[in-house]
Amino acid sequence: MFFAFLESSRSALAAIFANRLRSFLTTLGIIIGVASVIAVVSVTGGMSAFIGDSFASLGANSLTIQSYTPFEDLMKGIRSRLTPADLELIEKRGEGIASITPILAANRSSQIKYGSQTAYSEIMGTTYTYQDVSQTYTEVGRFLAQSDNQTRRRIAVIGEDVRENLNLPENPINEYVEFSGEWFKIVGLLEPMGDIMGQSRDNLVLVPYATMVSILGNQARTDIGIQLSLTPTAEPDAVISQLTTLLRNAHDLSSSEDDDFRIQTAEQLMEQFDQILGTLTMVIGGIVSISLLVGGIGIMNIMLVSVTERTREIGICKAIGAKSHHILMQFLIEALLLSLLGGLVGLATGYGLGMLIANNIPDFPSASVPLWAAGLALGFSAFVGVLFGILPAAKAANLDPIDALRYE
Amino acid sequence: MSLINLTGITKHYEMGSQVVKALDGIDISVSKNDYLAFIGSSGSGKSTMLNILGCLDKPTSGQYHLNGKNVEILDQNELSEIRNLEIGFIFQSFNLLPRANALNNVMQPLIYRNIGFRQRKEMAMDALSRVGLGDRVDHLPNQLSGGQRQRVAIARALVTHPSILLADEPTGNLDSKTTIEIMQLFDELHKEGHTLIVVTHENEIAQHCHRIVEMKDGRIFNDSATEKASLGVAV
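Protein sequences, first through last, are from chains A and B.
Using our numbering, read the first sequence as starting at 1 and increasing by one per residue.
Using our numbering, read the second sequence as starting at 1 and increasing by one per residue.
If you're looking for bench data, these hints aren't it; they were derived computationally from the structure.
Some hints here could point you the wrong way.
Claimed, not checked - Coverage of chain A stretches by chain B, computed from C-beta distances (three or more under 8 Å per stretch; other residues unrestricted):
no.	region
1	153 to 159
2	162 to 173
Said to hold, decoys possible - Calculated pairs, SDA-like style, for lysine to any residue (alpha carbon to alpha carbon, straight line, at most 25 Å):
no.	chain 1	residue 1	chain 2	residue 2
3	B	Lys121	A	His325
4	A	Lys92	A	Arg152
5	B	Lys58	A	Tyr407
C-beta atoms are modelled at their ideal positions from N, C-alpha and C, and glycine is treated no differently.
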């Protein structure tokens, strides 16, 4: 059986290469299917590894509280808010909290000027604790201090992109920038943090929270975000449920009403992201399996043609002693090798495609094909080959030797 | 002791509502080292006879003993094994595998015996040398002349050391010169001790044999020894 197997593989390869163009066209379905799945997996694989790193740098032991407005309410013009009062409440009554940081984003113009240069940036009002919660540190100068907040000083800490966009000197400390008609002295430059998904994290300006509140004016309408870092002993779940109760009471929510805010851990944010990526991969996987199905039918079709073409050969082989299983094996191996070769070509093409995509998106992590994906793609191609090879192979194996010998 | 023993063999085909009796009660024995020709016009049943003898087909009724084995009760796979072990086929249209060279064609039946490549090659080279093709082993069938192709086919039949060589119109596609060469090869093989059964409609071919069985309407019409038989083996 062993030598028969070897010989079948050899002659199957010979048959495949004898009809190079036909074999290539036959396996095109498999090639396209495998190439697209590998391209997607290689791109998302690199991306999720990178996102994991990015979220870890957000501070694993931190919580984010944001207002949440259900879509229906949004349509009615109702907006949920987190207010400075909520912040105060959490500061006073929250348990297990190491530091608390409000974030107030400018909702008017985010235009910022230096001399004749104008740039657009994310401008946020926050406090000195932002540094610990977000793991953001200054490269030059200092961060916001507690006293800055109390005295509502007009100072700013800027990101690397802002410095570049405004043509500020290498050391921008003590330069003044204009924002919302007020002048701010630069006291610090943040360490570059790179991008998440092409979105720069260095294009931001941090000003003291109280300063921001006074600039924005009507506090009652402001919606703030709150970042918390927890004490090492605090249980995130316990803290979340305590804060939920606090905020629900403060917002006068009855038990039938849903929360009008969301409390999330960095981990949850990451899980959400992974979930989105997972869904995307599943959807593409579904499309790809259709392509593999079509590819498999193509292989079955060409194998049936091949059996008909070689009817006489099958008759000869049977006459000189081939048993049914020899013929079955011959054609099954041919179908298997055909789709496996298609899988290999698809793997290489997909990897190349993934590299091309990753290299053409700036700051995108480089593509990588996990071993399981390569194995799965090849395994699945082999499965398709065997599945769709069975019918033609069985047809060949069951031919009557006399009829097959007479076939013209 | 006879190598082949047929008793009461019939083969019936159904053609619509009609039953065609291709073989209608055949009794025949073939001994070892016989050199036998089946002759008859088309429709006489000689091709069916060849299929039955070659274990390609099963009789409708009757008994067939080949080398002591009861053959008519075997299934398709067991028949394949018998063909591989006991029978060497030589066809009118050579029936070589078109994409395999001469050597691979001759090695092919040995694959089904699960013999390793080195030994396969050795046996095939021996057989090819025997038919005088030792120098053309890597030619494809379409690079060989008709006579050379038939020699490859004979080598393929010989390589398994079968009990009988079955030739179906072996010279039907060959010119007269090559026909003589091939028949001389057959004569030699017979002298070496092989058992040959030739199916033909040409009397000249049949005259090479030592025994001629004439068939008509699915029955044996005449079974007689030729002059060569009386002259003994040393012709």
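Hint check:
1. 153 to 159: Since three or more residues must qualify, the claim that chain B covers the region 153 to 159 of chain A is violated, with 0 doing so at under 8 Å.
2. 162 to 173: violated (count 0)
3. B:Lys121 <-> A:His325: Holds - the C-alpha atoms of His325 (chain A) and Lys121 (chain B) are around 23 Å apart, at most 25 Å.
4. A:Lys92 <-> A:Arg152: Judged against 25 Å, a Cα distance of about 22 Å means the pair holds.
5. B:Lys58 <-> A:Tyr407: holds (19 Å)
Of the hints listed earlier, those the structure fails to meet are numbers 1 and 2, in rising order.
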